Structure formats: C-alpha cells, structure tokens
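Letter by letter, the chains look like this.
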Amino acid sequence: MSEPAGVIHDIGYQRYTGPRLSRGAVFGALYLHGLRTVFGFGRSAKAKIFPWLVVGIVTVVAAGAAAVRSQIGEVVMTYAQFADNMSWLVIFFVAVAAPELVSRDLRSGVLPLYFSRPLPRSDYPLAKLLALVTALWLLLGGPQLVMFLGAAFTTKDGMRGVWNELLDLLPGLLYAGLWAVVFASIGLLVASLTGKRAFAAGGIVAVFLMTTPIVGVLSIMPSRAVNELAFLASPSTLVQGVGVWSLGDLLITDDAAEAAGSLIGDFGPVYALAAVLLVAACVTLLLARYRKVATR
Amino acid sequence: MTLIATESLTKTYGGGVTALADLTVAVEPGIIGLVGANGAGKSTLIKILLGLLPPTSGRVRVLDLDPTTQSDQVRARVGYMPEHDALPPDLSAAELVTHLGRMSGLPRTVARERASEALRHVGLYEERYRPVGGYSTGMKQRVKLAQALVHDPDLLLLDEPTNGLDPAGRDAMLALIHRIGTEFGISVLVCSHLLGEVERICDTLVAIDGGRLLRADHISAMTTATDVLAVEVSEGTEELAARLAAYRLPVSREGRLLLVPLADEATYDLILGAVAELDLPLHRLDQRRHRVAELFATREPSHV
Numbered sequence: 001m002s003e004p005a006g007v008i009h010d011i012g013y014q015r016y017t018g019p020r021l022s023r024g025a026v027f028g029a030l031y032l033h034g035l036r037t038v039f040g041f042g043r044s045a046k047a048k049i050f051p052w053l054v055v056g057i058v059t060v061v062a063a064g065a066a067a068v069r070s071q072i073g074e075v076v077m078t079y080a081q082f083a084d085n086m087s088w089l090v091i092f093f094v095a096v097a098a099p100e101l102v103s104r105d106l107r108s109g110v111l112p113l114y115f116s117r118p119l120p121r122s123d124y125p126l127a128k129l130l131a132l133v134t135a136l137w138l139l140l141g142g143p144q145l146v147m148f149l150g151a152a153f154t155t156k157d158g159m160r161g162v163w164n165e166l167l168d169l170l171p172g173l174l175y176a177g178l179w180a181v182v183f184a185s186i187g188l189l190v191a192s193l194t195g196k197r198a199f200a201a202g203g204i205v206a207v208f209l210m211t212t213p214i215v216g217v218l219s220i221m222p223s224r225a226v227n228e229l230a231f232l233a234s235p236s237t238l239v240q241g242v243g244v245w246s247l248g249d250l251l252i253t254d255d256a257a258e259a260a261g262s263l264i265g266d267f268g269p270v271y272a273l274a275a276v277l278l279v280a281a282c283v284t285l286l287l288a289r290y291r292k293v294a295t296r
Numbered sequence: 001m002t003l004i005a006t007e008s009l010t011k012t013y014g015g016g017v018t019a020l021a022d023l024t025v026a027v028e029p030g031i032i033g034l035v036g037a038n039g040a041g042k043s044t045l046i047k048i049l050l051g052l053l054p055p056t057s058g059r060v061r062v063l064d065l066d067p068t069t070q071s072d073q074v075r076a077r078v079g080y081m082p083e084h085d086a087l088p089p090d091l092s093a094a095e096l097v098t099h100l101g102r103m104s105g106l107p108r109t110v111a112r113e114r115a116s117e118a119l120r121h122v123g124l125y126e127e128r129y130r131p132v133g134g135y136s137t138g139m140k141q142r143v144k145l146a147q148a149l150v151h152d153p154d155l156l157l158l159d160e161p162t163n164g165l166d167p168a169g170r171d172a173m174l175a176l177i178h179r180i181g182t183e184f185g186i187s188v189l190v191c192s193h194l195l196g197e198v199e200r201i202c203d204t205l206v207a208i209d210g211g212r213l214l215r216a217d218h219i220s221a222m223t224t225a226t227d228v229l230a231v232e233v234s235e236g237t238e239e240l241a242a243r244l245a246a247y248r249l250p251v252s253r254e255g256r257l258l259l260v261p262l263a264d265e266a267t268y269d270l271i272l273g274a275v276a277e278l279d280l281p282l283h284r285l286d287q288r289r290h291r292v293a294e295l296f297a298t299r300e301p302s303h304v
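Protein chains in written order, with the UniProt record's numbering: chain A, 1 to 296; chain B, 1 to 304.
There may be inaccurate statements among the hints.
Distance condition first, Cα-Cα at most 27 Å in a straight line; then the derived DSSO-like pairs of lysine-lysine [stated by the list, open to error]:
{"#": "1", "chain 1": "A", "residue 1": "Lys-196", "chain 2": "A", "residue 2": "Lys-48"}
{"#": "2", "chain 1": "B", "residue 1": "Lys-140", "chain 2": "A", "residue 2": "Lys-46"}
{"#": "3", "chain 1": "A", "residue 1": "Lys-46", "chain 2": "A", "residue 2": "Lys-196"}
{"#": "4", "chain 1": "B", "residue 1": "Lys-140", "chain 2": "A", "residue 2": "Lys-196"}
{"#": "5", "chain 1": "A", "residue 1": "Lys-292", "chain 2": "A", "residue 2": "Lys-196"}
Non-contacting residues of chain A with respect to chain B, defined by C-beta distances greater than 12 Å in every case (computed) [stated by the list, open to error]:
{"#": "6", "residue": "Gly-28"}
{"#": "7", "residue": "Ala-47"}
{"#": "8", "residue": "Arg-69"}
{"#": "9", "residue": "Ser-108"}
{"#": "10", "residue": "Thr-154"}
{"#": "11", "residue": "Val-217"}
{"#": "12", "residue": "Ser-219"}
{"#": "13", "residue": "Gly-265"}
Pair by pair, the computed Cβ-Cβ distance ranges are [claimed, not checked]:
{"#": "14", "chain 1": "B", "residue 1": "Ala-246", "chain 2": "A", "residue 2": "Arg-15", "range": "54 to 62 Å"}
{"#": "15", "chain 1": "B", "residue 1": "Arg-179", "chain 2": "A", "residue 2": "Lys-48", "range": "49 to 57 Å"}
{"#": "16", "chain 1": "A", "residue 1": "Ala-206", "chain 2": "B", "residue 2": "Gln-70", "range": "23 to 31 Å"}
Keep in mind that the hints were calculated from the coordinates and are not lab data.
Just so it is clear, the structure is predicted and the values come from calculations on it, not from any experiment.
Even glycine gets a Cβ: it sits at the ideal position worked out from N, Cα and C.
Modelling step: build the complete structure from the supplied sequences, incorporating the hints.
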C-alpha cells in the first residue's frame with residue numbers, strides 16, 4: 001500500500017544509548033545557565049532591562065573616565081576606585097540578580113526536579129554562586145578593561161606605558177573579584193531564604209544599607225581601636241578596608257592618602273581575615289540551606 | 001531482576017512522626033501501583049527511593065543499587081514527577097525540559113531533541129514553545145511527565161500524576177502511563193490515593209497505610225476469582241446453600257445473600273437449577289465484580 005506524501009510517522013519511543021556527561025559538565029551547564037539568567041538571556045525582554053541598564057551605566061562611566069584622562073591627562077579614578085565608586089550600583093544589581101537566580105526556583109517548586117537528578121545537592125547553590133560572582137566580576141572588570149584600553153592607546157610612553165598600565169589594571173581586577181565574591185555570597189544567601197523576589201531584593205538591600213549607619217556610629221566612638229575597626233560592620237566598608245590595606249595608593253590617591261592610612265590603622269589583616277570568614281560563613285549557610293531544601 | 005526491594009524500612013521524622021514502619025516489599029519490573037491514603041507514607045517512600053531522604057533503619061534497593069550510598073547512580077536512571085506544582089511559569093515547556101535534560105547529563109543537542117520527543121510523546125506539540133504559565137493543569141501535568149522521561153530512565157516515579165485533572169484528563173494520563181509502561185519498556189511506580197484509578201493500569205499493586213504494608217501482589221492474583229454471583233432468595237437460604245455446596249460450589253454467606261464465585265457460564269445454570277428444584281422464590285441473581293478495594297476493605301480495620 002502506498003502512503004500519501006507528507007505523513008509524519010510515529011516512530012515510537014527511542015531509548016537513549018549515547019553518552020551521559022559527567023558531574024563537571026552538568027555543573028558547567030548549570031553555571032552558564034545561571035550566568036545567562038543574570039543578564040536576562042533566554043528570558044523576556046523585561047528581564048533584560050535592568051541588568052543591561054546597569055551594564056550601560058558602568059560602561060559609560062568608564063568610557064567617560066578614559067576620555068577625560070586621554071584628553072586632559074588627569075586620572076579621574078584608578079581602577080580600584082572605579083570598583084569602589086560603583087558599589088551602590090553593584091548592590092542594586094545583586095538585589096535583582098540573586099533573587100532571579102534562586103528565589104524564582106524556590107517559588108516555582110522546580111527544585112525537586114533538580115534534586116531528583118544525579119547532580120549532588122551542593123552543586124546547585126555552588127553553580128549559582130559562581131555564576132553570580134562571575135557576573136559581578138564582569139560588571140566591575142569589563143569597564144576597567146575599557147579604561148585600560150583607553151589608557152593603553154593614548155599612552156605616550158610606548159610599550160612601557162602599556163605595561164605599567166597593565167600592572168595597575170591587574171590589582172584593580174583582583175579588587176573587583178573581592179567585591180564580587182563578598183557581595184555574591186551575601187546576596188545569594190539572603191535570596192535563598194525566601195521564594196518571594198521582592199522580599200529577597202529588599203532583604204539584600206537592607207543588609208547592605210542598614211549596616212552603614214552602624215559604621216557611622218562606631219567611627220565616632222571615643223576609642224581609636226573601635227574607630228579603626230568600625231568598617232568591619234558593613235560588607236561594603238569591609239571590602240574597602242581590605243582594599244585600603246592591600247592596595248594602598250592604588251585605591252587611595254594624593255591628599256586623601258594620609259588620612260586614609262590612619263582610617264583602619266594596623267588592623268588591615270583583621271579586615272582580610274574578616275572578609276574570608278564572612279564569605280566562608282555565607283557559603284556554609286547557603287549549603288546548609290540547600291541540604292534542608294533538598295529533602296522537602 | 002527485582003525493581004524495588006525494601007527490607008524493614010523505617011522512617012521516623014524529627015518530631016517522632018513515623019512515616020514508614022517496618023516496610024518490607026519487593027516488586028518486579030512493570031507498572032506498579034502504590035496506593036494509600038494521604039499521609040500513608042507514599043511520598044516519603046519515593047524520597048527514600050531517590051536517595052533524598054535517609055531511612056531511619058532498614059535497607060532499600062532500587063534497580064539493584066542502594067540509594068543511600070549510590071544515590072547519583074540511582075537518580076541517573078530514575079525519572080521523578082513530583083506531586084506539587086514544579087514549573088517556572090515564564091519558561092516554555094521546550095526550554096524547561098531541555099534544560100532539565102542537560103541537568104541529567106545529556107549533551108546540548110541531544111537534550112533538545114529528546115525534549116521535543118518527550119513532549120511529543122506526552123501529547124504537546126506547538127504549544128511547547130509557549131510559556132508554561134498559560135498552560136492548563138492537564139498540560140502542566142504532561143510537562144512534568146515529559147521532564148521525567150527526557151533522560152530515558154529505566155524507572156519512573158510518579159507522585160499522584162492525575163492530581164487536579166478532570167475525568168477525561170485522568171483517563172488520558174492513565175492511558176499515557178500505561179503506554180509508557182508497556183510500549184516504552186520503562187517501569188513505572190504510580191502513587192495514588194485512588195485505588196480504582198491505578199488498578200486499571202498496573203500489573204502490581206502495593207498498598208500501604210500508616211507507613212505499613214497492607215498488601216503487595218500481582219493484580220492478577222488479586223482479581224482472580226473475583227467475579228461473584230450474588231443470589232438472594234426470599235426464603236430457604238439455608239437449603240439453597242446446602243444444595244449448592246452439594247454441587248461443590250464454594251458458597252459463602254453475606255447477610256441475606258449467598259455469594260458464589262463465577263467459574264464459567266455453567267455456574268448460572270447450576271444455581272438456577274438448584275433454585276428451581278427447591279422451588280424457592282428467587283429474589284435476585286446478579287454478577288458482581290469484586291473491586292480490588294474490597295480486598296483491602298476487610299484488612300484495613302485490623303491496622304487501625
């Protein structure tokens with residue numbers, strides 16, 4: 001019997017005998033998916049507005065700084081200072097990105113579909129965390145690259161000038177990495193506590209903003225040690241403290257230098273240790289949170 | 001091969017709530033119905049089978065693997081359809097199932113192909129490119145089934161797959177599950193609190209109540225000789241019973257009724273003959289189909 005053309009044949013169910021990828025490949029897929037989510041790829045146009053608005057602002061600021069420097073020859077801000085100046089934008093970026101990464105999944109109940117798959121349950125939060133860290137680092141590091149390119153192409157010292165510029169850029173990128181790690185781990189932990197995105201965003205902003213007055217109060221207390229340790233109280237000032245200690249004149253330029261040097265006194269290592277402990281605590285709590293979520 | 005085997009499996013939650021108590025059961029591949037009232041321990045059992053919850057005591061094996069120590073290997077070969085809503089509303093079914101296929105270790109292009117296939121098998125075609133948020137409950141249930149199927153598991157664990165569906169939707173879902181279990185060659189464990197539903201499609205039935213095993217057997221073993229003739233006569237019930245017993249029919253009394261297992265058509269004739277010979281006023285003679293539910297009905301009170 002001849003069959004009419006264009007008939008779609010139901011070939012039935014096909015078993016799959018091909019390769020199944022390793023844990024690392026699955027982790028990578030989840031990581032990339034998270035990174036795309038942060039910037040709104042694979043999402044509605046609405047989800048792209050905010051991330052790309054922030055990307056636009058930081059790029060314009062960096063391009064402006066590069067332009068001023070090439071025309072007037074005045075360094076508006078160093079690479080590390082750029083990260084500091086953009087910290088408010090980073091806070092809002094985290095407040096939008098972290099709930100997008102984890103609160104959505106908590107709310108829609110999709111997590112059992114992840115945890116019923118081979119992926120170990122710690123991989124889910126870790127892949128999301130890594131994606132957010134990468135996104136924040138790109139957000140702060142990308143514009144620094146713009147500033148570097150601007151400076152490198154207008155330098156008057158030839159290759160030596162480019163090399164010197166590169167030596168300035170690398171600590172700046174590391175400093176951006178520190179911002180990214182601290183902000184991402186706090187933001188993701190807060191967001192993982194609730195399925196409501198608005199609550200998560202509010203919570204994240206609160207953690208960063210509400211702690212700032214504490215720094216203000218502590219820094220006017222009549223004790224020098226308390227003043228010098230005051231910046232531990234808020235994540236943003238904690239990161240800046242580590243920056244002041246480790247980067248010195250790359251972060252603090254000219255007249256402010258002397259004053260800044262005395263801001264944290266000799267407590268630099270304390271700030272570094274506090275930053276490490278803060279991140280470690282956040283990651284531990286995040287993993288504990290998902291151990292609990294997975295069994296529900 | 002034994003598909004799922006548990007041995008004295010017990011799960012006690014923190015608050016002293018016992019979800020599973022000394023459950024020992026072994027089932028062969030096929031379609032298995034797991035029935036029990038809400039809170040009987042079905043979902044807890046599924047989570048233990050997936051290695052998501054550790055049992056308090058006892059042993060468990062799934063596909064000859066131990067989910068407590070080899071949970072990743074178990075989960076690679078098992079597909080799970082949860083009871084509750086599990087779909088992000090703004091993703092399309094195609095995107096979601098593809099992504100979850102990749103989470104099961106499928107390469108990117110394979111995941112996309114198999115996602116389309118799985119969605120086609122559950123009956124979603126063009127609508128798979130629309131956001132899940134606009135789907136009907138029936139379509140959402142199908143997407144949940146497709147994501148459990150995308151990585152070609154050897155065993156599907158379906159938690160209340162007919163929840164929230166209208167009668168037509170239930171029939172379609174049950175037919176689909178039956179097809180997966182028979183044509184696709186994938187074993188299926190279907191959880192339900194509706195016995196009448198699962199008994200239609202499954203080969204094996206496991207009934208639990210309060211975390212204890214009520215009964216586990218092949219459905220054929222449960223339903224054999226379950227067709228029964230009920231005879232009611234206005235008087236002379238004793239005489240008729242004696243006469244039927246003389247014909248070597250295994251008669252049993254149930255109130256004013258005499259119940260006779262229906263062996264073949266000759267049983268009718270024998271009964272009618274006996275009634276006629278004794279000249280008794282026959283009130284009624286009808287055939288009853290024993291529902292599996294009745295098999296449990298007599299047992300359940302003993303556990304309460």
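Quick rundown of the hints versus the structure:
1. A threshold of 27 Å between alpha carbons decides the hint, and for Lys-196(A) with Lys-48(A) the separation of about 19 Å falls inside it, so the pair holds.
2. About 24 Å separates the Cα atoms of Lys-140(B) and Lys-46(A), which keeps this hinted pair within 27 Å; it holds.
3. Distance restraint check for Lys-46(A) and Lys-196(A): the Cα-Cα separation of roughly 18 Å lies within the 27 Å cut-off, and the hinted pair is therefore satisfied.
4. Between Lys-140(B) and Lys-196(A) the CA atoms are separated by roughly 22 Å; this keeps the pair inside 27 Å, and the hint holds.
5. Between Lys-292(A) and Lys-196(A) the CA atoms are separated by roughly 18 Å; this keeps the pair inside 27 Å, and the hint holds.
6. At roughly 10 Å from the closest C-beta of chain B, the C-beta of Gly-28(A) falls inside 12 Å, breaking its exclusion from the interface.
7. A cut-off of 12 Å between C-beta atoms contradicts the statement that Ala-47(A) is not in contact with chain B; the least separation is 8 Å.
8. Distance check on Arg-69(A): its Cβ is at least 43 Å (rounded) from any Cβ of chain B, clearing the 12 Å threshold; non-interface status holds.
9. For Ser-108(A), the requirement that its beta carbon stay farther than 12 Å from each beta carbon of chain B is not met, with the minimum near 4 Å.
10. With a cut of 12 Å on Cβ distances, Thr-154(A) stays outside the contact zone with chain B, its closest approach being about 43 Å.
11. At roughly 41 Å, the least C-beta separation between Val-217(A) and chain B is larger than 12 Å, which holds for a residue marked as non-interface.
12. No beta-carbon of chain B is positioned within 12 Å of the beta-carbon of Ser-219(A); the least distance is around 45 Å.
13. Distance check for Gly-265(A) against chain B: the nearest CB is about 48 Å away, which clears 12 Å, and the non-interface claim stands.
14. In this structure, Ala-246(B) and Arg-15(A) meet the distance hint of 54 to 62 Å, their C-beta atoms being roughly 58 Å apart.
15. For the hinted restraint 49 to 57 Å between Arg-179(B) and Lys-48(A), the CB-CB distance of approximately 41 Å leaves it violated.
16. In this structure the hint that Ala-206(A) and Gln-70(B) lie 23 to 31 Å apart at CB is violated, the actual value being about 43 Å.
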